[in-house]
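> Protein chains in written order, with the working numbering: chain C, 1 to 117; chain V, 1 to 117.
Hints were generated in silico from the structure; no laboratory data involved.
Think of the CB as a built atom: it goes at the ideal place given N, C-alpha and C, for glycine as much as any other residue.
Some hints here could point you the wrong way.
Unchecked claim - Sample of chain C residues facing chain V (criterion: CB under 10 Å; computed from the structure): (1) P8; (2) R22; (3) R31; (4) Y35; (5) G40; (6) L46; (7) Q50; (8) L55; (9) F65; (10) A93; (11) S95; (12) F97; (13) E105; (14) Q106; (15) V116.
Said to hold, decoys possible - Below 25 Å or equal to it, Euclidean Cα-Cα: the simulated SDA-like pairs (lysine to any residue) are: (16) V:K73 / C:E105; (17) C:K11 / V:G43; (18) C:K11 / V:A88; (19) V:K3 / C:L55; (20) C:K11 / V:K73; (21) V:K3 / C:E105; (22) C:K14 / V:T109; (23) V:K3 / C:R59; (24) V:K3 / C:K14; (25) C:K57 / V:A88; (26) C:K57 / V:Q30; (27) C:K14 / V:G43; (28) C:K57 / V:T109; (29) V:K3 / C:Q41; (30) C:K57 / V:S31.
Claimed, not checked - Sample of chain C residues at the chain V side, in silico, Cβ under 10 Å: (31) G3; (32) Q54; (33) S58; (34) F108.
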Amino acid sequence: DTGVSQDPRHKITKRGQNVTFRCDPISEHNRLYWYRQTLGQGPEFLTYFQNEAQLEKSRLLSDRFSAERPKGSFSTLEIQRTEQGDSAMYLCASSLFGVGLPGLEQYFGPGTRLTVT
Amino acid sequence: AQKITQTQPGMFVQEKEAVTLDCTYDTSDQSYGLFWYKQPSSGEMIFLIYQGSYDEQNATEGRYSLNFQKARKSANLVISASQLGDSAMYFCAMREGYGGATNKLIFGTGTLLAVQP
């Protein structure tokens with residue numbers, strides 16, 4: 001399967017613990033996005049990378065959140081000192097951007113569902 | 001500020017009939033893109049159809065068509081010949097700009113479609 005993959009699919013953690021999620025984009029895609037989706041809402045943008053550079057971060061991304069894409073391939077999203085309000089689905093998406101390729105379509109992974117108890 | 005409004009929390013449709021899911025948007029940009037995604041209970045966001053603000057023809061992809069009315073700022077999704085597998089949450093989304101610096105998608109709150117046999 002050559003789609004976007006995310007690991008783990010589900011994570012249950014206790015408040016105050018750190019968690020890390022991984023996203024593997026479609027292999028030739030240079031742009032990678034993170035979104036968060038809470039129950040009954042649409043996804044909300046968190047941050048995105050072009051290759052290894054993090055180009056934009058939402059105000060939703062507090063200092064407890066950090067994202068990396070060290071080699072321009074997979075990305076990790078870490079949440080430190082988790083809070084109950086962090087419980088959500090974390091979605092990763094990727095697209096191909098370049099000359100003549102405006103990256104119109106973002107392809108999403110299956111998401112990681114985080115539950116903070 | 002950009003905003004997507006989906007006023008139908010839930011819709012029912014009989015199998016084999018057509019259904020229209022409403023979406024209105026607000027933006028001050030002249031260049032933007034509109035998307036529809038399907039989210040089944042498994043959680044993955046599946047890209048359905050895209051309409052650029054400068055596209056003169058309404059977009060179509062198989063059984064999906066986008067009824068784009070620029071003056072009314074509406075981008076309704078029409079699903080023809082509904083199938084049981086179409087039962088899912090449907091999200092309308094917008095991206096300002098044309099694949100340039102602004103890439104994040106702004107999503108509506110979604111419409112839950114139930115196809116009845």
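> All the hints need checking, so say for each whether the structure fits it.
Hints, one by one, checked against the model:
A distance limit of 10 Å between C-beta atoms decides the matter here; for P8 (chain C) the minimum to chain V is near 13 Å, and the interface restraint is violated. A cut of 10 Å between beta carbons decides the hint on R22 (chain C): the least distance to chain V is about 16 Å, and the hint is violated. With its C-beta approaching chain V no nearer than about 7 Å, R31 (chain C) sits inside the 10 Å limit, and its interface hint holds. Nearest Cβ of chain V to the Cβ of Y35 (chain C): about 8 Å, under the 10 Å cut. The hint holds.
Taking 10 Å as the C-beta contact cut-off toward chain V, the hint placing G40 (chain C) at the interface holds, the least distance being around 7 Å. About 9 Å separates the beta-carbon of L46 (chain C) from the nearest beta-carbon of chain V, less than 10 Å, and the hint is met. Interface hint at Q50 (chain C): satisfied, since its Cβ lies 9 Å from the closest Cβ of chain V, which is below the 10 Å cut-off. A cut of 10 Å between beta carbons decides the hint on L55 (chain C): the least distance to chain V is about 8 Å, and the hint holds.
Using the Cβ-Cβ criterion of 10 Å, the hint placing F65 (chain C) at the interface with chain V is not satisfied: the shortest such distance is roughly 16 Å. Taking 10 Å as the C-beta contact cut-off toward chain V, the hint placing A93 (chain C) at the interface holds, the least distance being around 7 Å. Below 10 Å, beta-carbon pairs count as interface contacts, and S95 (chain C) has one with chain V at about 8 Å; its hint therefore holds. Among the interface hints, the one on F97 (chain C) holds; its C-beta lies about 6 Å from the nearest C-beta in chain V, closer than the 10 Å criterion.
At about 5 Å, the closest approach between the beta carbon of E105 (chain C) and any beta carbon in chain V falls short of 10 Å, and the interface hint on this residue holds. At about 6 Å, the closest approach between the beta carbon of Q106 (chain C) and any beta carbon in chain V falls short of 10 Å, and the interface hint on this residue holds. Hint on V116 (chain C) is violated. Least Cβ distance to chain V is approximately 18 Å, over the 10 Å limit. About 21 Å separates the Cα atoms of K73 (chain V) and E105 (chain C), which keeps this hinted pair within 25 Å; it holds.
Using a Cα cut-off of 25 Å, the hinted pair K11 (chain C) and G43 (chain V) holds, with the two alpha carbons roughly 15 Å apart. Of the pairs offered as hints, the one joining K11 (chain C) and A88 (chain V) holds, with about 24 Å between alpha carbons and a cut-off of 25 Å not exceeded. Using a Cα cut-off of 25 Å, the hinted pair K3 (chain V) and L55 (chain C) holds, with the two alpha carbons roughly 22 Å apart. Between K11 (chain C) and K73 (chain V) the alpha-carbon distance is near 39 Å, which puts this suggested pair outside the 25 Å criterion.
Between the alpha carbons of K3 (chain V) and E105 (chain C) the distance comes to roughly 19 Å, so the proposed pair stays at or under 25 Å and holds. Between K14 (chain C) and T109 (chain V), the direct Cα distance comes to roughly 29 Å. Violation of the 25 Å bound is thereby established for this hinted pair. For the hint linking K3 (chain V) to R59 (chain C), the alpha-carbon distance of about 17 Å falls within 25 Å, and the restraint holds. The hinted pair formed by K3 (chain V) and K14 (chain C) fails the criterion: a straight-line CA distance of about 34 Å is larger than 25 Å.
Taking the CA atoms of K57 (chain C) and A88 (chain V), the gap is about 30 Å. The hint is violated against a cut of 25 Å. About 24 Å separates the Cα atoms of K57 (chain C) and Q30 (chain V), which keeps this hinted pair within 25 Å; it holds. With a C-alpha separation of about 23 Å, the suggested pairing of K14 (chain C) with G43 (chain V) holds against the 25 Å cut-off. For the given pair, K57 (chain C) sits about 22 Å from T109 (chain V) by alpha-carbon distance, which is consistent with the 25 Å threshold.
Restraint check for K3 (chain V) and Q41 (chain C): the C-alpha separation of about 13 Å stays at or below 25 Å, so the hint holds. Straight-line distance between C-alpha atoms of K57 (chain C) and S31 (chain V) comes to about 22 Å, which keeps the hinted pair within the 25 Å bound. Below 10 Å, beta-carbon pairs count as interface contacts, and G3 (chain C) has one with chain V at about 9 Å; its hint therefore holds. About 13 Å separates the beta-carbon of Q54 (chain C) from the nearest beta-carbon of chain V, more than 10 Å, and the hint is not met.
For S58 (chain C), the shortest C-beta to C-beta distance to chain V is roughly 8 Å, which falls under 10 Å, so the interface hint holds. A hinted interface residue such as F108 (chain C) counts as satisfied when its beta carbon comes closer than 10 Å to some beta carbon of chain V; here the least separation is about 4 Å, so the hint holds.
Consistency note: the structure conflicts with the earlier hints numbered 1, 2, 9, 15, 20, 22, 24, 25, 32.
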